[in-house]
Amino acid sequence: MTTTPPPLTPPPFDPELAAALAVMGEMAPTTLTPETLALARAAEEAGMDGPFPLLTNEEMRRDGVFDVEERTVPGPEGAPEISLLICRPTRVQEPRPVIYHTHGGGMVLGNNRLGMEFTLDCAEEFGLVVVSVEYRRAPEHPHPAPVEDCYAGLLWTAQNAKEIGADPDRVILAGDSAGGGLAAALALMARDRRGPRPIGQLLSCPMLDDRNDTPSAHQMAGLGIWDRQANETGWSALLGEARGTADVSPYAAPARAEDLSGLPPAYIDCGSAETFRDEDVAYASRIWQAGGEAELHVWPGGFHAFDGLAPQAALSQDARAARLRWLHRLLGE
Amino acid sequence: MEELAGRLTALDPDAGAAVRVIAYFDRLVEGRAGLEALVRGAAVLSGSTARLVDHDRGVRVRVEADGRRRDVSGPARPEWPSAPLTPGGSPALWLERPGPCSVVDAMVLERATSAARLVLDRTRGRAPARAPAEDPALLETLLDSGAPQAARLHAARALGLDPSGQARALALPDGHARVQPLPVPESAGHARGGRSDGVADARPDEVALAASLLGPGLPRGGRVGVGPAVPVLDLPGSWAAARTALRFTADGTEPGPRTVYADELGTLALLADVVGPGTEPPADVRALASAIAATPWLPATLYAVVTAPSLRTAAAELNLHHSTLQDRLTHAESLLGWSVRDPHGRLRLQLALAVRRLMVGHTVLPPG
Chain A
1 MTTTPPPLTP PPFDPELAAA LAVMGEMAPT TLTPETLALA RAAEEAGMDG
51 PFPLLTNEEM RRDGVFDVEE RTVPGPEGAP EISLLICRPT RVQEPRPVIY
101 HTHGGGMVLG NNRLGMEFTL DCAEEFGLVV VSVEYRRAPE HPHPAPVEDC
151 YAGLLWTAQN AKEIGADPDR VILAGDSAGG GLAAALALMA RDRRGPRPIG
201 QLLSCPMLDD RNDTPSAHQM AGLGIWDRQA NETGWSALLG EARGTADVSP
251 YAAPARAEDL SGLPPAYIDC GSAETFRDED VAYASRIWQA GGEAELHVWP
301 GGFHAFDGLA PQAALSQDAR AARLRWLHRL LGE
Chain B
1 MEELAGRLTA LDPDAGAAVR VIAYFDRLVE GRAGLEALVR GAAVLSGSTA
51 RLVDHDRGVR VRVEADGRRR DVSGPARPEW PSAPLTPGGS PALWLERPGP
101 CSVVDAMVLE RATSAARLVL DRTRGRAPAR APAEDPALLE TLLDSGAPQA
151 ARLHAARALG LDPSGQARAL ALPDGHARVQ PLPVPESAGH ARGGRSDGVA
201 DARPDEVALA ASLLGPGLPR GGRVGVGPAV PVLDLPGSWA AARTALRFTA
251 DGTEPGPRTV YADELGTLAL LADVVGPGTE PPADVRALAS AIAATPWLPA
301 TLYAVVTAPS LRTAAAELNL HHSTLQDRLT HAESLLGWSV RDPHGRLRLQ
351 LALAVRRLMV GHTVLPPG
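If you read the sequences in order, they're chains A and B. Using UniProt numbering, you'd call the opening residue of the first sequence number 1 and step up by one each time. Using UniProt numbering, you'd call the opening residue of the second sequence number 1 and step up by one each time.
Calculated from the structure, these hints are not laboratory results. Among the hints, a few may not be true.
[Said to hold, decoys possible] Facing chain A, a subset of chain B residues (Cβ under 10 Å, in silico):
#	residue
1	L28
2	V29
3	E30
4	R32
5	A33
6	G34
7	V44
8	W80
9	P148
10	L268
11	A269
12	A283
[Claimed, not checked] Which residues of chain B face chain A? A few of them, derived with a C-beta cut under 8 Å, are:
#	residue
13	A23
14	R70
15	D71
16	P75
17	R77
18	E140
19	R312
We put the CB at the ideal spot given by N, CA and C, even for glycine.
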């Protein structure tokens, strides 16, 4: 996208976040290559926690606040079934709004427990149902497998909402990182296919643009979490040779969408010191330009997914509180 | 970051964890992080609530292990791992849990206090700043029974006191007050252990007690009246009782308790209502005064007799042979006109000594 050399002085990390990175060390790698992806997958399979916690069912129950079940439901046409992790608040009777959660992991890592801690914080605060989808990952399953799995799960959720105590007219799409990109893509698909009509899209540091060429992507190369190299690894896994060409679907990379009108209200946040900063800011701007509604927060000194890695930091507490306030206004309860 | 504490302990407990703790605080210092970030670092790396208190500079920061700041709290406990801001100083940073202090905890305390010292020197200079906790107007409001409850509630919060918690007032002879926050419920015997006659000596945990006080520390060895533990909004009552207790302390010219706990006075407290500096002394007190004027050893001897569990113990405390004490008491009884060795006589003597202290006229000034 840029023709002039981008400025290479990165914004400084927030001091608390920099300190947390120093302690995490290799637990929270900056980059990812096809080679280290194999190592990360092996660690996942060995049951080792990455830098972000993966909750057990027992932890997700939160001493009886939620009922937790895993359901197998139909996948996309002609594709395998998919698994949904469903957390229902036990203390409410009437159908509740539902967060449809798409996990992060750069399209290549993670499972549907990733990111559930804060998602359940939201659900507990407002008494929401959470459905977290297990989608097929790249590179074994390139685009459109991941997003179509997610869409199949969204359809099932909307069509079977009553069965899980959810209100099909109040679905909120939510995800962070690659999951934020998937949530944004679901909003586009639901609009274009005249599918379910979500009431909001909560996009935390979303991964939106396969071109991977913004000033922030260049500035943050080799720094923080999920740098430009890692981003290239993720997008190439998803799109192969097509990455960066004219032949990329907006359902793979929502930044490619030419029309951002008619979307549910968006909440977009990111850190000033992360690869995705500029594409996330641009996405919010383009929603406004298309006559849509978006709330944008750029947290100073935040690296990618900082609030998941260091939830105790002051900046993380503020970032999470802002998301809760948006949900509060969105739900209007 | 909630995983940080767990990760650190899972690492090589000596070298690996220590290196990371050092790296953590080094980054905070490099980034010119504030005090709250340093205390939060101590909390998340140790996995327990951390608090920093620097009375001289009016600093009070408390962060729980989830990273949230909650300054409202009770007093620091002596068993918590702690470190001073300057070597040899009084504790300033605590980890709010019982020891023992692990290698990681010790490193956290050391690095955090060292970083906090830098920040304090940079941001607040070395000049003492008046902190809310030392604001006499706030303390005065908190202890003023005439102040509206809303005003006392506001003062409590501004002083960092949990309005739903417990505290007690302390009265000093210059008319000044201190307030000591207490854990809820107050554990029996904590910071107490007074003598059976309702008076108490300086406590071995006086330093810990002083560190938890709102306001400047107590003058060492000075007279203190200690009010009962009460809900924070009932502190005016504790303050009134503390001032009464202060009147039962000895002024130093004669032996007697320097610290008196109001809730150990019992019925003696009633005497304070009827006896003051201008009261006509009762006959027993007049007899006591003239006996003391004639006999320099008498005050110490009589004090030992009424406070010691037996005459034998009293003799030991006075470094006297038992028979010498008996001789002295015979002489004292002739001066006083009543026996001090039978229960009734000892009671008369105790009352006379108490009234004498009340009459010596410790003028208690109003607070502030």
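Evaluated hints:
no. : hint : result
1   : L28  : holds (5 Å)
2   : V29  : holds (8 Å)
3   : E30  : holds (7 Å)
4   : R32  : holds (7 Å)
5   : A33  : holds (4 Å)
6   : G34  : holds (8 Å)
7   : V44  : holds (5 Å)
8   : W80  : violated (20 Å)
9   : P148 : violated (33 Å)
10  : L268 : violated (52 Å)
11  : A269 : violated (49 Å)
12  : A283 : violated (70 Å)
13  : A23  : holds (4 Å)
14  : R70  : violated (12 Å)
15  : D71  : violated (15 Å)
16  : P75  : violated (25 Å)
17  : R77  : violated (24 Å)
18  : E140 : violated (34 Å)
19  : R312 : violated (61 Å)
Consistency with the previously given hints fails for numbers 8, 9, 10, 11, 12, 14, 15, 16, 17, 18, 19, ordered from lowest to highest.
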